[in-house]
Amino acid sequence: MIKKKIVLTGIGGQGIILASTILGHALTREGYDVRISEVHGMAQRGGEVRSTIAIGYHGAIAGRGEADVILGFEPSETYKVVHLASKDSWIITNTHRIVPTTVSLGKSEYPPTEEILAAIREVNSNLIALDANRMAREAGNEITANVVMLGALSAIEVLPITREAILEETKNRVPPKAVEVNLRSFEAGYGYIKNELGKR
Amino acid sequence: MKEKYKHLLVDEPGKKFFMLANEAIVRGALEAGLDFASTYPGTPSSEIGNTLFWIGKDAGVYFEFSVNEKVAMEVSGAAAASGLRSMVFMKHVGLNVASDAFMTLAYSGVRGGMVIVSADDPSMHSSQNEQDNRYYALLANVPMFEPSSPQEAKDMTREAFDLSEKYEIPVLLRTTTRVNHVSGPVEYGPLRPRGKKGHFDRDPSRFVVVPANARKRHLILLEKMEKIREEAEKSHLNRVETCEGEDCPENGDGGGSDIGFITSGAAYNYIKDLVDGGYVGGDILKLGFTHPFPEKPVLDFIRSHKKIVVVEELEPYLEKETMALAQREKVDVEIHGKTTGAFPYSFEYDPDVLKRGLEKALGIPCEDRGLRPKKVPMPLRPPVLCPGCPHRATYFALKRVLGKRDVVYSTDIGCYTLGIQPPHETADYLLCMGSSIGAAAGFSKATDQLPIAILGDSTFFHAGIPGMVNAVYNKADLIYLILDNRTTAMTGHQPNPGMGVDGRGEPAPMISIEDIAKATGVTSVRVVDPYNIRETMRVFREALDEDGVRVVVAKRECALLAAKKLVKENRRYYIDQDECKRCYVCVDQLACPAIYRETPEPGSPVYIETALCVGCGVCAQVCPFNAIHSEKEKRDEKGGGASGGENPVERGGDGS
Chain A
25 MIKKKIVLTG IGGQGIILAS TILGHALTRE GYDVRISEVH GMAQRGGEVR
75 STIAIGYHGA IAGRGEADVI LGFEPSETYK VVHLASKDSW IITNTHRIVP
125 TTVSLGKSEY PPTEEILAAI REVNSNLIAL DANRMAREAG NEITANVVML
175 GALSAIEVLP ITREAILEET KNRVPPKAVE VNLRSFEAGY GYIKNELGKR
Chain B
9 MKEKYKHLLV DEPGKKFFML ANEAIVRGAL EAGLDFASTY PGTPSSEIGN
59 TLFWIGKDAG VYFEFSVNEK VAMEVSGAAA ASGLRSMVFM KHVGLNVASD
109 AFMTLAYSGV RGGMVIVSAD DPSMHSSQNE QDNRYYALLA NVPMFEPSSP
159 QEAKDMTREA FDLSEKYEIP VLLRTTTRVN HVSGPVEYGP LRPRGKKGHF
209 DRDPSRFVVV PANARKRHLI LLEKMEKIRE EAEKSHLNRV ETCEGEDCPE
259 NGDGGGSDIG FITSGAAYNY IKDLVDGGYV GGDILKLGFT HPFPEKPVLD
309 FIRSHKKIVV VEELEPYLEK ETMALAQREK VDVEIHGKTT GAFPYSFEYD
359 PDVLKRGLEK ALGIPCEDRG LRPKKVPMPL RPPVLCPGCP HRATYFALKR
409 VLGKRDVVYS TDIGCYTLGI QPPHETADYL LCMGSSIGAA AGFSKATDQL
459 PIAILGDSTF FHAGIPGMVN AVYNKADLIY LILDNRTTAM TGHQPNPGMG
509 VDGRGEPAPM ISIEDIAKAT GVTSVRVVDP YNIRETMRVF REALDEDGVR
559 VVVAKRECAL LAAKKLVKEN RRYYIDQDEC KRCYVCVDQL ACPAIYRETP
609 EPGSPVYIET ALCVGCGVCA QVCPFNAIHS EKEKRDEKGG GASGGENPVE
659 RGGDGS
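Line by line, the protein sequences are chains A and B.
Here the first sequence is numbered in this note's numbering, starting from 25 and rising by one per residue.
Here the second sequence is numbered in this note's numbering, starting from 9 and rising by one per residue.
Among these hints, one or two may not hold up.
Claimed, not checked - Within a straight-line C-alpha distance of at most 20 Å, the following computed DMTMM-like cross-link-like pairs (lysine to aspartate or glutamate) qualify:
1. B/LYS174 with B/GLU238
2. B/LYS224 with B/GLU239
3. B/LYS14 with B/GLU195
4. B/LYS23 with A/GLU54
5. B/LYS572 with A/GLU133
6. A/LYS131 with B/GLU238
7. B/LYS24 with A/ASP57
8. B/LYS24 with A/GLU54
9. A/LYS27 with B/ASP376
10. A/LYS111 with A/ASP92
11. A/LYS111 with B/ASP376
12. B/LYS235 with B/GLU303
13. A/LYS104 with B/ASP358
To be verified - Anything over 12 Å on all C-beta distances counts as not near chain A; from chain B, calculated:
14. LEU17
15. LYS412
16. ARG413
17. TYR481
18. GLU514
19. HIS637
The hints are simulated quantities; they were obtained by calculation from the structure and are not laboratory data.
Quick caveat, the model's predicted, so the values are computed rather than measured.
Glycine is no exception: its CB is placed at the ideal position from the N, C-alpha and C atoms.
All chains, full assembly: derive it from the sequences and hints.
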């Protein structure tokens with residue numbers, strides 16, 4: 025039986041819940057027993073959001089080292105869940121930084137992205153970083169960065185479903201006039217990862 | 009009806025849909041023939057109400073957002089007494105509010121099936137405590153079901169209705185965040201007819217609980233519950249899952265293991281995964297019908313095992329019952345759990361908590377493949393008010409006016425509690441819904457400080473009125489600040505009595521907070537738009553100069569609801585880097601998440617993240633140098649070069 029755990033992490037408003045819902049529907053349609061748990065704290069926007077997709081498990085939380093994939097929508101948030109990955113896991117992170125007010129207020133510091141990525145790379149050689157916001161902007165709308173991330177996830181072929189199944193479900197769940205830009209964003213993420221993997 | 013909910017009314021038994029457990033609870037109720045439902049929104053139960061809001065009318069179900077949980081309990085209790093199948097649902101602390109009605113409802117009972125959903129929040133993802141509401145089933149003495157998955161949430165809801173109606177007693181469906189907020193495939197059963205009208209047949213000896221009747225009803229309740237214990241003991245919801253195969257090294261000849269796990273709710277999922285994955289061997293007694301405690305299956309289970317590990321979140325309810333049973337029946341068995349120090353009493357379980365617990369209980373070395381990267385300090389990201397949130401503008405104006413004055417911010421349950429974060433720090437004291445005004449009156453009498461009671465519109469209707477009457481009656485000296493954002497924002501924008509819309513999306517009387525305040529005898533009542541900073545400061549100054557209870561209603565629609573309209577007008581703001589003098593008032597005193605600087609070094613530039621800006625324009629009013637402009641303004645004045653009008657906020661101010 026196929027067993028996978030995928031952790032999506034980021035910030036409220038980035039479309040993480042929508043991305044995991046798309047995957048949940050696509051997996052269910054293909055007949056997989058999938059459970060997704062989501063936790064978003066008190067804040068409607070700007071707070072941490074985490075979603076765990078569990079295929080073939082009863083519990084939809086990943087323990088230490090249990091995540092097959094970490095899909096991070098923001099670099100500092102990716103770092104915060106690295107303990108859920110093992111050295112064999114995939115870690116895909118968006119490099120677009122969302123600076124919290126604590127940094128603007130001088131209450132905490134945000135280290136350079138390269139320092140964060142280097143710390144992760146030291147313990148996991150499968151890290152791939154991409155600027156999903158830039159890709160989404162180039163595709164036509166920055167708000168579709170979550171779909172860039174879905175394309176990236178699809179490209180590593182850990183999920184037991186095809187990219188077409190994810191695309192189909194994406195089309196169903198975005199406004200009709202936004203379908204084209206979402207498809208372009210998906211392709212951008214997918215193509216970037218395939219290209220990166222080709223280099224390895 | 010919203011497209012995303014249409015599947016809930018599909019009458020095709022056997023068909024599977026992917027959904028949130030909270031939606032599955034609604035489906036289960038529809039399969040049980042739900043007629044009537046009520047709630048006050050509270051996370052993690054909120055989506056049950058949101059779902060009924062969208063499908064209630066099409067499903068033929070009466071549904072209302074009640075003013076609070078107590079009223080919701082009474083409304084649904086009356087429906088059930090009238091023969092309707094009714095459901096009332098709330099978060100765990102909501103049941104505290106409803107507990108007065110709930111306790112006695114167990115005595116008088118129901119005629120139509122009634123299910124009470126209590127959604128607990130272990131780890132307090134969005135709550136002020138993590139009380140274990142399973143004890144409410146014991147306290148009221150009503151039956152309790154504990155589902156573990158979306159499928160069980162649906163199935164148990166349906167069964168709970170049947171049990172409730174059979175014994176004329178409300179049934180508690182106790183869920184937790186990791187049940188309510190888990191999605192998964194749910195296989196449908198047949199729908200039953202819904203939406204009938206009831207009739208209340210008088211029976212004062214039962215429904216009027218004067219002491220003489222209450223005494224009889226308590227004995228009847230005890231009798232009922234003994235019969236229901238037999239139901240629990242033979243229920244298929246309590247089942248043994250025998251460990252089999254090579255993954256089960258402790259397997260004895262009898263086909264079972266020496267080790268047995270007793271578990272319920274979300275905790276079952278984690279132990280099940282560890283057993284299935286070969287991490288630990290053992291049989292599992294999965295309990296779904298947990299009150300009355302199913303003694304017989306538990307006794308059989310502990311007699312046939314040498315070591316028992318009880319795996320349950322929060323309080324050791326199953327554990328203590330099991331221990332008591334073992335003692336009474338003289339069963340020689342090791343029982344491990346919280347009371348033996350293997351498992352924690354606090355926070356939700358996860359695979360790591362279980363692994364550590366199993367190490368302590370059974371000596372299985374804790375496996376850990378988790379990465380340990382070099383420690384790099386990450387920025388703190390506490391939950392904060394959204395960009396454009398009107399509460400931020402109110403807090404900015406309030407702090408400017410109050411300056412260094414010795415006040416107590418007596419806050420309440422809602423988005424505005426996030427004012428606890430710097431730089432606003434407008435939260436000093438909080439207990440529960442409505443405590444702002446109750447406690448403020450206490451601070452007024454107990455100290456010489458000025459209490460500022462802060463609560464939202466929905467919380468005002470929920471529990472803010474009696475406290476206001478008390479403050480007026482007892483001549484308290486305080487400011488009662490009501491942040492009216494025209495919705496119940498934090499739980500996902502449910503309607504409330506101030507909005508003119510009801511739980512079926514139909515027009516409803518719009519109840520005025522100001523009028524209620526005046527009717528209570530408050531003579532100082534002011535309403536202000538917090539997006540107008542100068543005016544808001546003026547109102548606070550006036551209120552500060554008065555005595556007694558002064559009500560200020562800061563009225564402005566929630567920014568999340570308004571954002572779409574504002575962004576459409578393309579009113580996003582930007583900072584003119586030539587005009588900006590790097591005074592950081594916008595950053596240090598307003599602290600909108602859309603305004604940021606990368607480093608705290610003096611002279612570092614300030615930017616507005618256009619993706620986050622909703623165009624409220626408050627920052628432009630706050631800037632002492634008129635360096636913040638809207639894109640619309642720029643377009644209108646193309647080539648003009650003129651900055652905005654006179655700034656409404658004096659430079660510096662007396663804020664802290």
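Comparing the hints with the structure gives:
no.	hint	verdict
1	B/LYS174 with B/GLU238	14 Å, holds
2	B/LYS224 with B/GLU239	23 Å, violated
3	B/LYS14 with B/GLU195	15 Å, holds
4	B/LYS23 with A/GLU54	14 Å, holds
5	B/LYS572 with A/GLU133	32 Å, violated
6	A/LYS131 with B/GLU238	59 Å, violated
7	B/LYS24 with A/ASP57	11 Å, holds
8	B/LYS24 with A/GLU54	12 Å, holds
9	A/LYS27 with B/ASP376	18 Å, holds
10	A/LYS111 with A/ASP92	10 Å, holds
11	A/LYS111 with B/ASP376	12 Å, holds
12	B/LYS235 with B/GLU303	13 Å, holds
13	A/LYS104 with B/ASP358	17 Å, holds
14	LEU17	18 Å, holds
15	LYS412	20 Å, holds
16	ARG413	23 Å, holds
17	TYR481	33 Å, holds
18	GLU514	26 Å, holds
19	HIS637	20 Å, holds
In summary, the numbered hints that this structure violates are 2, 5 and 6.
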